[in-house]
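Student: Protein chains in written order, with my numbering: chain W, 178 to 463; chain R, 5 to 245.
Read the hints as simulated data drawn from the structure, not as lab findings.
Predicted model only: the values in this text are computed from it and were never measured.
Where hints are given, some of them may not hold.
As the list claims (entries may be wrong) - If you only want the chain W side, here are some residues facing chain R, beta carbon under 7 angstroms, derived:
hint, residue
1, 261
2, 351
3, 354
4, 359
5, 362
6, 365
7, 450
8, 454
9, 456
For glycine and all other residues, C-beta sits at the position ideal for the given N, C-alpha and C.
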Amino acid sequence: MSQADHTVTLALPGLAAGGSAAPARGPRVFGPRALLALSWLAPVLLVLVWEILAQTGYVTPQVLPAPSKVVRTAWRLATIGSLPHDLGTSLLRAAVGFVLGGSIAFVLGILVGFSRLAEALIDRSVQMVRAIPFLALLPLVIVWFGVGEGQKIFLVALGVAFPIYINTTLGIRQVDGKLLELGRVQGLSTWQMITRIILPGALPSILTGVRYSLATAWLALVVAETIGAQAGIGFLAMDAREFLRTDVVVLTIVIYALIGVVADSIARLLERRLLAWHPNFGGAAR
Amino acid sequence: MTAALQDVPAQDAPAAVRVFGLRRAYGPRVVIDRLDLTIRRGEFVALLGESGCGKTTLLRALAGLDPIDGGRIEAPKRPAVVFQEPRLLPWDSLWRNVALGLPAEGAREKAAAALAEVGLGGRLDDWPRNLSGGQAQRVALARALVQQPELLLLDEPFAALDALTRIRMHVLVKDLVARHRPGVLLVTHDVEEAIALADRILVMRGGAIAAEHRPSVPGLPAATRATLLAELGVVDDLKSA
């Protein structure tokens, strides 16, 4: 994933892209329900074909196990295996990294958004570091933190920080100057200006940053966990690879995808809740 | 409505704003030059002028939004302003918009009363995006009046509205001003609007007040109208064409 495209965009690239179906436009030959059903046609067919090819032996289990086999493996690992523990470990890493990186970036973004002095002091350095694809720092991060939890959390935090920083700064800068003028006319204090006008005005952009950073957090975690982890989804995948357990490997990929979709849904729910006033978000089917 | 005619502001009413020798320049271009102006409490003053004559610049100076380069303004600390656009906060409900800048205590009640006054009493918790242009401008008016201003500055607030809505707004504004009695400065380019609303009409030209009329007291609106159009250079243009 390129680091250069962390601008404001509502389309979410990367892992969670499967969750954001584009709204259907054009002549209404099909109703919305029919279109929704149709949108599931291709994925369902694909899984069916995959199942049939695997069952009939055209695809060997070492290459790609049948979907039904993956489901059975999931059930077994979840009930008697270590799946819940691994999942919990991964989620905790993602959450801690997200909160750490996100809050630091949010504070920096607010400072730079409000103050030209802070921008002069901070922004160039951040932009320079941002030019580095954060995954390229991995060898250095391992030297610094070893292969423990610190390395994983740091990498997640780093990946999360840039989208949130940039979108917070941008959101604050894009607040309508006419509304700021209104705030002055109404005699608002600086604090009221920030809480009543600037932050609400910047919120759509900030939430876009949050949504983008969720995908980045997940990507960072996948990479971090494949190196020297003792638990977690990534560890499960690497461990399974050693024993050619492709069913477990496929399962971990599916889990990563599912969590990406869930994270994206949470972000979109937040948008709908917090941006109910916004014509592009509130209530509108997305 | 009729109240406005009954008590035309007395000459000795306290001044809502006084301007002495005001000067404002953008670089070498002088927009306002040695301008004097007094508006009394309860007086409705319309300011006419061609676009670019400095009338909005004057209003912004009175509102404290722009600095001045010379002269003196004696204005209340916080005049209320209604802009050409409603400038409602899209993320706040109507009553929160009206209460913007009020102390929190009793804010909802005051906002409710102000919204009722502009005919939107039942829509306290509605959102700005559900409003028509005229309704949004009524909320902006309520937001200005809820501050109990001594001076109300109106910057072409009806310019973007359709003709019928504009007439309804004229009636409403005249009524509200008669009840709250702030000094009003209405910046407009609409001669009819000025005649319909103002106690006193000022024509601005060359950065200062060039002419003054009192349409509501004796004279004929038609005569005033013709004079005003001539002063604004409209009639001359038509004759020469």
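Student: Against chain R, with CB atoms and a cut of 7 angstroms, does the hint on residue 362 of chain W hold up?
Tutor: Result: holds, 5 angstroms to nearest chain R Cβ.
Student: Interface hint check: residue 454 of chain W, Cβ to nearest Cβ on chain R, cutoff 7 angstroms. Holds or violated?
Tutor: holds (4 angstroms)
Student: Given a cut of 7 angstroms on the nearest C-beta pair, is the interface hint for residue 456 of chain W held or broken against chain R?
Tutor: holds (6 angstroms)
Student: Can the hint on residue 354 of chain W be confirmed by a CB-to-CB distance to chain R that is less than 7 angstroms?
Tutor: violated (11 angstroms)
Student: Is the interface hint satisfied for residue 450 of chain W? The criterion is a beta-carbon contact with chain R at less than 7 angstroms.
Tutor: Status violated, d = 12 angstroms.
Student: Do the numbers back the hint for residue 365 of chain W, that is, is its least Cβ distance to chain R under 7 angstroms?
Tutor: Given a least distance of 6 angstroms, the restraint on residue 365 of chain W holds.
Student: Next item in the hint list is residue 359 of chain W. Is there a CB on chain R closer than 7 angstroms to its CB?
Tutor: holds (5 angstroms)
Student: Closer than 7 angstroms between Cβ atoms is the bar; does residue 261 of chain W clear it against chain R? Give me holds or violated.
Tutor: violated (40 angstroms)
Student: May I ask you to test the interface hint for residue 351 of chain W with respect to chain R, counting a Cβ-Cβ separation under 7 angstroms as satisfied?
Tutor: Check failed: Cβ of residue 351 of chain W comes no nearer than 14 angstroms to chain R, outside 7 angstroms.
The earlier numbered hints that this structure contradicts are 1, 2, 3 and 7.
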